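Input sequences plus hints: build the corresponding full structure.
There are 2 protein chains.
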Amino acid sequence: MQKGMPYLDMKRIMLRVAYDGTNYCGWQLQPNGITVEEVLNRNLKALLKEDINVIGASRTDSGVHALGNVAIFDTDTRIPGDKISYALNQKLPGDIVIQESREVPADFHPRRCNSIKTYRYTIQNSRFPLPTTRLYSYFVHYPLNELLMQEAAAYLMGEHDFKSFCSANTHVKDTVRRIYDINVEKTDERIDIIVSGNGFLYNMVRIIAGTLVRVGLGAYPPIKVQEILNKKERSAAGPKAPAEGLTLLKLEYPDLM
Amino acid sequence: MQKGMPYLDMKRIMLRVAYDGTNYCGWQLQPNGITVEEVLNRNLKALLKEDINVIGASRTDSGVHALGNVAIFDTDTRIPGDKISYALNQKLPGDIVIQESREVPADFHPRRCNSIKTYRYTIQNSRFPLPTTRLYSYFVHYPLNELLMQEAAAYLMGEHDFKSFCSANTHVKDTVRRIYDINVEKTDERIDIIVSGNGFLYNMVRIIAGTLVRVGLGAYPPIKVQEILNKKERSAAGPKAPAEGLTLLKLEYPDLM
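Those protein sequences? They're chains C and H, same order as listed.
So the first sequence is numbered by UniProt numbering: it starts at 1 and just counts up by one.
So the second sequence is numbered by UniProt numbering: it starts at 1 and just counts up by one.
One should not assume that every hint holds.
When chains are identical, the list treats them as one kind, so a pair holds in a single copy or across two.
[Unchecked claim] With a straight-line cut-off of 30 Å between C-alpha atoms, the simulated BS3-like cross-links for lysine-lysine are:
| hint | residue 1 | residue 2 |
| --- | --- | --- |
| 1 | Lys186 | Lys250 |
| 2 | Lys83 | Lys186 |
| 3 | Lys240 | Lys91 |
| 4 | Lys11 | Lys232 |
Hints listed in this document are in silico derivations from the structure and should not be mistaken for laboratory results.
Source: prediction; values computed, not measured.
What follows is the structure, encoded as structure tokens:
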């Protein structure tokens, strides 16, 4: 549909995409290594008999998981929007599942429209790692104090310049973001950091997680998070926690009915 | 240590073994395909410089997981029993983790001594499968009524002849076992069947799970489980649920101090 006049019956489809990121080099097309975007494009082409180029909301890194990433594409297929998920899931490998498909307005763009993003960072905090959660969590041997972590996380609530929590190799100029909610939840030997905001800088959730782990270990006092924010430089914050602990839980678009 | 006089300083070590069964052809040594037992033997030999043949408590099937299987072996190593776990974990692949090692009496045998075994069977009950839990649960699309499943499970409590819940290709004569506890727990879109007993027949937990799923779907009334028990034939029960949903949670030995 890219060339010539727009078809009258062309439509924009939104996909809600869940994936196990273990075996992918992230979302975005790469010259070396398979990505989620590539697998979606290939299977959509096979299904719809058109060249399809999806646009993803969040270009997750290698090894990062998602339960609700969002992608759009334009098509003139006659398959109803809400039926595409079923047909596409028949073709996709087991580690990528479309949770929902539906038609959206032609001007809806998953990165340009306002959204609330929610991430979960999972830590396995036990004496030994757990084989069955190793691909979906960061193993920390030393006991973490989750109450200190929650106290530290509270400094991140609201609008701040998160420059200290952004990997240095980024091109973004505006590093101000708003965190709506951040909670540290402990269940048995598992600690989840759940954070939602209007946007996240490159590696921001993983640097927040790495910093909160330092607090949980007692290496940083909780107030240190305020000092890190004030410094506005990456070196002030803790290390970037590993990819496997991160899951993009959901994306909400308040303006999308 | 197999030949000649027993060493005075020989000792029996118990391992508590957790593994992700996805990539193994079960516990027991196989001519074709790698097993957990084989990987333990090979790495113990490399660590202790002795031929080691572990004896496992539960010879789990291909694809079944464990958080607390138990194995023993005899050794004359000078490494203290409780330190072997640390040294062995350095060598093992990430999908097998020793949770505990310790010296036990020389007459302790993990299959001959009385034990309480606890299994969990996990069902992902949602509209679409979840990529991040697909290797550790059985995906069921149609909504399950977990209250009916709990009602049905109650018929299994106590001592019964579980012949109907045993795969036909077994050599066991005595099919009487005692279930101490069985619970069906629902959390969001996940249903766990947790069952503990003094022993389980071949495929028993998976046949119980497959039968309870039938009840949850409304295909069997809960009382049907009583009828299945009475019939004492495999064909009376529901299908065997898939391996990936099953996890051996723990083994307790009341006589082991």
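> Can you list which hints this structure breaks, lowest number first?
Replying inline: Those not satisfied come down to hint 4.
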